[in-house]
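A.B. asks: Please construct the entire structure, taking both the sequences and the accompanying hints into account.
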Amino acid sequence: MNFLHDSFRNAVLLILSLDGEVYSAVWTSITVSISSAFCASAMGIPLGLFIATSEFPLKRVAITLLSTLMALPTVVVGLVVYGFVSRQGPLGGLGLLFSPSSMIIGLTILALPIITNYTLSSIKGGDSRILPTALTLGATSVQANLKLISEVRFGVLAAVIAGFGRVIGEVGIAMMLGGNIRGYTRTMTTAIALETSKGEFAFGLAIGIILMGVALVINIFLNLLQQKER
Amino acid sequence: MNRRNFLYAVIIFLMLSFTSAHAEIRLRMSTTTSTENSGLLKVLLPPFEKSCDCKVDVVAVGTGKALKLGEMGDVDVVFVHARALEDKFVADGFGINRKDVMYNDFVIIGPSSDPAGVKGAKTAGEAFSHIAAKNAVFISRGDESGTHEKEKEIWKVEGIAKKGSWYIEAGQGMGEVINMATEKQGYTLADRGTYIAYKKKSDLVLLYEGDKTLFNPYGVITVNPQRHPHVKHDLAKKLTEFLTSKEGQGIIAEFKVNGEQLFFPNAK
Chain A
50 MNFLHDSFRN AVLLILSLDG EVYSAVWTSI TVSISSAFCA SAMGIPLGLF IATSEFPLKR
110 VAITLLSTLM ALPTVVVGLV VYGFVSRQGP LGGLGLLFSP SSMIIGLTIL ALPIITNYTL
170 SSIKGGDSRI LPTALTLGAT SVQANLKLIS EVRFGVLAAV IAGFGRVIGE VGIAMMLGGN
230 IRGYTRTMTT AIALETSKGE FAFGLAIGII LMGVALVINI FLNLLQQKER
Chain B
488 MNRRNFLYAV IIFLMLSFTS AHAEIRLRMS TTTSTENSGL LKVLLPPFEK SCDCKVDVVA
548 VGTGKALKLG EMGDVDVVFV HARALEDKFV ADGFGINRKD VMYNDFVIIG PSSDPAGVKG
608 AKTAGEAFSH IAAKNAVFIS RGDESGTHEK EKEIWKVEGI AKKGSWYIEA GQGMGEVINM
668 ATEKQGYTLA DRGTYIAYKK KSDLVLLYEG DKTLFNPYGV ITVNPQRHPH VKHDLAKKLT
728 EFLTSKEGQG IIAEFKVNGE QLFFPNAK
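Protein chains in written order, with our numbering: chain A, 50 to 279; chain B, 488 to 755.
If you are wondering where the hints come from, they were derived from the structure by calculation, not from laboratory data.
In this text the structure is predicted, and so the values were computed from the model without any measurement.
Each hint should be verified, as a subset may be incorrect.
Cross-link-like lysine to aspartate or glutamate pairs, in silico, DMTMM-like; alpha carbons within 20 Å at most [as the list claims (entries may be wrong)]:
1) B:686 - A:249
2) B:688 - A:244
3) B:529 - A:249
4) B:688 - B:747
5) B:671 - A:249
6) B:687 - A:55
7) B:529 - A:244
8) B:688 - A:55
9) B:529 - A:68
10) B:743 - A:249
11) B:686 - A:244
12) B:537 - A:70
C.D. replies: In structure tokens:
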């Protein structure tokens, strides 16, 4: 019990002490996670929409593949992206390895199947008459699709939240592609891994508690958004 | 609808502030976990960063990986401790301008009951052979780090086959290995810096120290700009000069953890 008690006390002290390093890690986590959830949504929502509303050969295969990709191990994503952005890789000239940009690339890939899949199922679960009705009423194809998304927006928002949750709590990609550089690419999760490896368990757990707090605030924000728009 | 616009504004603001905040010059250095985890770099690098108006990005990994990153050109400078590997790195044309910076040493730690009788050993090799003879639990880093290289070297010199359930390859950093050795009440080879930092959290005791083979020198090497033209060669050179300068050496000598000096400057 002492261990948990100490961690809670440490977490409160850390928040109150305005420790620069902790805030920098929190900030990096938030910006990188939001950026990658945003990029993944920008691609995943239209992709989910496309798969749900159109017929094409091998559709079932595509859907199965997409579900499988939800189980993508973070280390594999990390390794593949590493191969691309390392100086010896095809994108090496950009010097992206060990920068927030490479983390965002990796995390976007991680979140993409999740957001696509949830979007897909929320559209499938919605009223199948929305699209034809809107089209009959004279909407253009773009308008009709936007209407469809807005009708199932709860499911879509859930997709975004799930994607965001996956990336903010992830450690493998952040460690591999970011390099855990203090004050630059150190996120809350890599900080936890580091503190644990240094034997500072209470400190690591304290950052874990802060991470949960940050995730809570962001989810409350998204939920408020959802309700106001109703 | 205003709320949605607000959300977009927040996202755009976050992205902008994020990209603009990191426009300064950055030097990438790969180093071992021992220098970073001990906290040395936190006091050693800021004066340099101030003088060159740049940022040093520290990627702390095992020595093997630190050199690999240099080989691939993913970092500008490496700061490691594995003399044989370092010399090979330079000989193979991956690095230039290797300079001694400091040293610390390795120690053999284990449970205070000392079931293998390491305490009476005269050399590090003898201590290791006691452990093997008793099949006492030994935790190896198993991660191609400088510490792991040193450990393998000792086993090899003694001609001991490190096979059996007593020999555990952790594949993790020094800190994790000390934790694991504490949990399993086993022996391990640790760098003194990490051991001192862990003293309070572990009930393992120092059982053997002082053999010359356990001497652990750190060197700084610039990644060869002829092989990787994008490397920030000038800045790496400045860092090397700083680490070996009077100022840098002084900071290393003054750095203490729990009142004990961890690293001893030895630049020529």
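A.B. asks: Quick check: which numbered hints come out false for this structure?
C.D. replies: As far as the earlier hints go, not one is violated by this structure.
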